[in-house]
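Line order of the protein sequences matches chains A and B.
Read in this note's numbering, the first sequence has 106 at position 106, and its numbers run on one by one without any break.
Read in this note's numbering, the second sequence has 80 at position 80, and its numbers run on one by one without any break.
It is worth saying that the hints were derived from the structure and are not from the lab.
Mixed in with the good hints there might be a few duds.
Unchecked claim - DSBU-like mimics (lysine-lysine), calculated; alpha carbons at most 35 Å apart, straight line:
1. A/K66 - B/K66
2. A/K206 - B/K31
3. B/K31 - A/K66
4. B/K66 - A/K206
5. A/K267 - A/K206
6. A/K267 - B/K74
7. A/K64 - A/K267
8. A/K64 - B/K65
9. A/K211 - B/K66
10. A/K206 - B/K65
11. B/K65 - A/K211
12. A/K420 - B/K65
Nothing here was measured: the structure is a model prediction, and the numbers come from that model.
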Amino acid sequence: MTGSALDRADADGFRIAVVGSGPSGFYVSEALLRAGVPLSVDMFEQLPVPYGLVRFGVAPDHPKLKLVTAAFDRIATTPGFRFIGGVAVGRHVAIDELRESYDAVVLATGADISRSLGVPGEDLSGSHRAGDFVGWYNGHPDFRDCQFDLGCEAATVIGHGNVALDVARILAKTADELRRTDIAAHALEVLAESRICEIHVVGRGKPSQAKFTAKELRDFLELDECDASVLSRDVAPDDFTPDNPQDPELAEKLALLRGFSQQVSTKRRRCVFRFGLSPRAIRGRGRVETIAFAPPASPAIEDIDCGLVFRSVGRRSTPLAGVPYDEHRGVHANNEGRVADGSSVIAGLYVCGWSKRGPSGTIGTNRGCGMATAEAVLADLPALSGRRSSDPDALLARLRHRVARIVSYRDWVAIDAAEKRRGAPLGKPREKFVSVADMLAAADA
Amino acid sequence: MTYVVTDNCRGCRYTECVTVCPVECFHVDEKMTYIDPENCIDCGGCVPVCPVAAIEPDYRLAADKKFWIDVNRKRAAETPVLTGRLPPLPGADARRQELGR
Numbered sequence: 001m002t003g004s005a006l007d008r009a010d011a012d013g014f015r016i017a018v019v020g021s022g023p024s025g026f027y028v029s030e031a032l033l034r035a036g037v038p039l040s041v042d043m044f045e046q047l048p049v050p051y052g053l054v055r056f057g058v059a060p061d062h063p064k065l066k067l068v069t070a071a072f073d074r075i076a077t078t079p080g081f082r083f084i085g086g087v088a089v090g091r092h093v094a095i096d097e098l099r100e101s102y103d104a105v106v107l108a109t110g111a112d113i114s115r116s117l118g119v120p121g122e123d124l125s126g127s128h129r130a131g132d133f134v135g136w137y138n139g140h141p142d143f144r145d146c147q148f149d150l151g152c153e154a155a156t157v158i159g160h161g162n163v164a165l166d167v168a169r170i171l172a173k174t175a176d177e178l179r180r181t182d183i184a185a186h187a188l189e190v191l192a193e194s195r196i197c198e199i200h201v202v203g204r205g206k207p208s209q210a211k212f213t214a215k216e217l218r219d220f221l222e223l224d225e226c227d228a229s230v231l232s233r234d235v236a237p238d239d240f241t242p243d244n245p246q247d248p249e250l251a252e253k254l255a256l257l258r259g260f261s262q263q264v265s266t267k268r269r270r271c272v273f274r275f276g277l278s279p280r281a282i283r284g285r286g287r288v289e290t291i292a293f294a295p296p297a298s299p300a301i302e303d304i305d306c307g308l309v310f311r312s313v314g315r316r317s318t319p320l321a322g323v324p325y326d327e328h329r330g331v332h333a334n335n336e337g338r339v340a341d342g343s344s345v346i347a348g349l350y351v352c353g354w355s356k357r358g359p360s361g362t363i364g365t366n367r368g369c370g371m372a373t374a375e376a377v378l379a380d381l382p383a384l385s386g387r388r389s390s391d392p393d394a395l396l397a398r399l400r401h402r403v404a405r406i407v408s409y410r411d412w413v414a415i416d417a418a419e420k421r422r423g424a425p426l427g428k429p430r431e432k433f434v435s436v437a438d439m440l441a442a443a444d445a
Numbered sequence: 001m002t003y004v005v006t007d008n009c010r011g012c013r014y015t016e017c018v019t020v021c022p023v024e025c026f027h028v029d030e031k032m033t034y035i036d037p038e039n040c041i042d043c044g045g046c047v048p049v050c051p052v053a054a055i056e057p058d059y060r061l062a063a064d065k066k067f068w069i070d071v072n073r074k075r076a077a078e079t080p081v082l083t084g085r086l087p088p089l090p091g092a093d094a095r096r097q098e099l100g101r
């Protein structure tokens, strides 16, 4: 199939571009297409494959969460929806050019920049962004060539969110625990040779302040060769007593951590949850050897020796040319979904998901968020009528000269089927293609 | 595992859960909502948005609430999917206060 396999969109009605194909992009599309207003949606995605962080963020050993893609596929087959893969907004087409061709443009670009710690030594060899590691084990083409040296005995994950737990758990699991997931083959190979036996998961807050969820923490009860522990010197006796007894989530989280603090380690690996420690410096001769931590506002330094560090202290959105940016929140500047420069709203430009409200919530949070942005778009559409000066199909014709190939949803279905065929003999749900060239070849096969 | 709607929903039925469910697994009757355990993907997004804390993961239910697991499974099979929010039941806010929420 070629780019011409893109179905013709309904020429009547409003034309809306959605930038990004993660959860919020799909959910804003769903809300728009269900509104009963004559409109069609073109979803732009820089890669040939959709689903954003559901494909490249959700950990390979959490397959049930990935079943959400069935909902995305249902949205993608709604009349009026087109997937325009392989086109990078900001590189192949500027925001302003999109705005000339569409009545409304909705940015759903996510939060793909890992925040830095701001301490010396952050760039030493062996110090990595957690997001790079996640992209690597999930087979993201941009991260497949990353190198992680797992030949050392100790690794430290800085941060107490769910991404930190994902990283720690993937390091803690044996190759056999990962072999039948959709983990990228290159990652499985390296992890199988890992010599890591001690994983420190370090956060600056108390147990009650940790952002990870009880559900993610529970996974640490069921690891084949790794015990979880909490050091008694990090916690006061009442740190495991929830302030709010009406909060069962917090109560469960603290009960799990209390259990870890009482556990005797017997397995080959140990994952130690550390509290009340902020990183001050990463040190080593040429590569990471130790991290200096201190309690907040205290000079008492504690060194944790390790050869590998993953920084997992939040993410922010990549700024886009032509779109005002909120430096403080790390999102496209917006007023409840309408992109705005200060108090002045930019007509026809919207945002949803993590690039609207920052990286928080579960997959479903983006559904409510997408609906809210769709409501703003729908309220504004009558006033936006007649604003655009060009036609989306004329834009697509120009884009065909700028990219090797425009990938349709039917092309993705072919790539998807090929990945599943590759995975089947290995007992994996799929073996992902990890290069754009291989994805495109599968679409053509 | 799955998530389960329990008795706090009865008489309130706020349906905030429906707006955040990524897979539309909430069903509804005149009294409350139910989660279809076959479709729930365990994302947990509905738990914090429920104004009356009616939703829990199955393993966290107290012994005297475990029967809600079967009720959800059975009623989800018998009732329609709820695709959008409904107005809360009359008296929902009073009941919410009664529940101390």
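Outcome of the hint check:
A hinted pair counts as satisfied when its Cα atoms are at most 35 Å apart, and A/K66 with B/K66 qualifies at roughly 27 Å. This hinted pair does not check out: A/K206 and B/K31 have alpha carbons roughly 41 Å apart, beyond 35 Å. The suggested pairing of B/K31 with A/K66 holds, with an alpha-carbon distance near 31 Å, which does not exceed 35 Å. A C-alpha spacing of about 32 Å is found between B/K66 and A/K206, which places the hinted pair at or below 35 Å, so the restraint holds.
Restraint check for A/K267 and A/K206: satisfied, since their Cα atoms lie roughly 26 Å apart, inside the 35 Å limit. Restraint check for A/K267 and B/K74: the C-alpha separation of about 42 Å exceeds 35 Å, so the hint is violated. Only pairs whose Cα atoms come within 35 Å are accepted, and A/K64 paired with A/K267 is accepted, the gap being roughly 27 Å. Note on A/K64 and B/K65: the hinted pairing holds, with a Cα-Cα distance of about 25 Å set against a maximum of 35 Å.
Of the supplied pair hints, the one linking A/K211 and B/K66 holds, its CA atoms being roughly 28 Å apart against a limit of 35 Å. As the CA atoms of A/K206 and B/K65 are separated by approximately 31 Å, the hinted pair is consistent with the 35 Å bound. Of the supplied pair hints, the one linking B/K65 and A/K211 holds, its CA atoms being roughly 28 Å apart against a limit of 35 Å. Distance check on the hinted pair: A/K420 and B/K65 sit about 40 Å apart at the alpha-carbon level, beyond 35 Å; violated.
Hint check: violations occur at hints 2, 6 and 12; the rest are consistent with the structure.
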